[in-house]
Amino acid sequence: MHRLRTFFVTDWLAKLLCLFIAVLLWVGVISAEQRVGVFPGELPITVTNVPEGLSPVIDDREVKVTLLADQSIWQRLGTDDLRAEVNAAGLAAGVTELAVVVTSRVSGVEITRVEPPRVLVRLEAIVEKTVPVSVQLDGQAASGFASGLPSVEPAQVTVRGPASRLAQIDEALVRVTLDTAQRSVTAEATVSVLIAGEAPPGVSVSPSRVNVTVPIARAGNTKTVGVVLATVGSLPSGRTISAVQLTPSVISLTGSPAALGSVTHVSTIPIQLADIQDSTEVVTSLVLPEGVQLIDTSPEVTVRLTVEASPPPESTPTVDN
Numbered sequence: 023m024h025r026l027r028t029f030f031v032t033d034w035l036a037k038l039l040c041l042f043i044a045v046l047l048w049v050g051v052i053s054a055e056q057r058v059g060v061f062p063g064e065l066p067i068t069v070t071n072v073p074e075g076l077s078p079v080i081d082d083r084e085v086k087v088t089l090l091a092d093q094s095i096w097q098r099l100g101t102d103d104l105r106a107e108v109n110a111a112g113l114a115a116g117v118t119e120l121a122v123v124v125t126s127r128v129s130g131v132e133i134t135r136v137e138p139p140r141v142l143v144r145l146e147a148i149v150e151k152t153v154p155v156s157v158q159l160d161g162q163a164a165s166g167f168a169s170g171l172p173s174v175e176p177a178q179v180t181v182r183g184p185a186s187r188l189a190q191i192d193e194a195l196v197r198v199t200l201d202t203a204q205r206s207v208t209a210e211a212t213v214s215v216l217i218a219g220e221a222p223p224g225v226s227v228s229p230s231r232v233n234v235t236v237p238i239a240r241a242g243n244t245k246t247v248g249v250v251l252a253t254v255g256s257l258p259s260g261r262t263i264s265a266v267q268l269t270p271s272v273i274s275l276t277g278s279p280a281a282l283g284s285v286t287h288v289s290t291i292p293i294q295l296a297d298i299q300d301s302t303e304v305v306t307s308l309v310l311p312e313g314v315q316l317i318d319t320s321p322e323v324t325v326r327l328t329v330e331a332s333p334p335p336e337s338t339p340t341v342d343n
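Residue numbering for the sequence shown is 23 to 343, as defined by our numbering.
Because the hints were derived from the structure by calculation, they are not lab data. We treat Cβ as the ideally placed atom computed from N, Cα and C, and that holds for glycine. Some hints could be false.
Said to hold, decoys possible - What follows is a list of derived Cβ distance ranges for each label pair:
1. Ile217 <-> Ser271: 31 to 41 Å
2. Val250 <-> Glu84: 31 to 41 Å
3. Ala111 <-> Gln204: 31 to 41 Å
4. Thr180 <-> Ser289: 42 to 52 Å
5. Ser271 <-> Arg197: 23 to 33 Å
6. Gly283 <-> Val254: 46 to 56 Å
7. Glu330 <-> Gly166: 31 to 41 Å
8. Gln299 <-> Glu84: 24 to 34 Å
9. Glu64 <-> Ala164: 41 to 51 Å
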């Protein structure tokens, strides 16, 4: 006991200085093993606990994270190890500022900064609408062959999501590769919707896949004919059509020689004239004869009618006897 007391009392100042130096060395070693830095790349923000019937819209969809971790952890840390979330539990439709919480599934990681720390989240009612499916053809038919107008089944799909995003969507898209095809191509294609060239988050499509058929025929089996406007009824009294413009006014067809030989023109679906009072623009469709298909054009035709007042009837001069 006396020796132990002597150990602490004798040269206590020197011993205290040694202890202080040892602590500094230990802190230095620990600091050398840890590093504070900005995690490379950005983390996508996930909105959790969204109330039923609502869909989140975020302008700032990603955050940058600064963290503290050992060098060994930095070497193996990936984007899948970190998660950025905002909690929408209990919120109603409208705009709310929410804090971004970043967590790590790897122990030994301390999140020191999130930028931005808070984001504006707009909760919107989920709506649906039906849009047509357009086909984008990649590549070309084989030399000496021509592709006809693709057919899609179903021709329309239902998109579902926030109202503001659906307002920017007018069509869905599928892509089909021709790859120098010499015969008709049939494929099951994935449907996508795009806003400014990107898939909008929170928007779903049903069905997600459609069947597409692209007719392929020998290029020699083609024919160009005019488009003829078909009408039903007559204009109201005192009105007359002074000009008709069809877009397109001519179309190219493909099919068997026998089918093409009997086609001199293609008519539109008839337009009802009885209710037309003034100049108007109408979109109608072509009525294709059996056995022929369109080449690289839409079956829709834009009809511009210029309607004017009918000129008064010429009066017959009277001759006095």
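Pairwise beta carbon distance, glutamate 64 to alanine 164, judged against the given window 41 to 51 Å: Because 45 Å falls inside the window, the suggested range holds.
Assessment of proposed distance window 46 to 56 Å (beta carbons of glycine 283, valine 254): For glycine 283 and valine 254 the Cβ distance comes to about 29 Å; the hint is violated.
Whether the CB-CB distance between alanine 111 and glutamine 204 falls inside 31 to 41 Å: violated (58 Å)
Cβ distance range 24 to 34 Å for glutamine 299 and glutamate 84, holds or violated: Roughly 54 Å apart at Cβ, these two residues miss the hinted range, so it is violated.
Supplied distance hint 23 to 33 Å, evaluated on CB atoms of serine 271 and arginine 197: holds (30 Å)
Consistency of beta-carbon spacing, glutamate 84 to valine 250, with hint 31 to 41 Å: Violated - the Cβ-Cβ distance for valine 250 and glutamate 84, about 56 Å, lies outside 31 to 41 Å.
Range hint compliance [Cβ, glutamate 330 to glycine 166, 31 to 41 Å]: violated (49 Å)
Range hint compliance [Cβ, threonine 180 to serine 289, 42 to 52 Å]: violated (32 Å)
C-beta pair isoleucine 217, serine 271: status relative to the range 31 to 41 Å that was hinted: Given a distance of about 34 Å, which is inside 31 to 41 Å, the answer is holds.
Against the hints set out earlier in the document, violations occur for numbers 2, 3, 4, 6, 7, 8.
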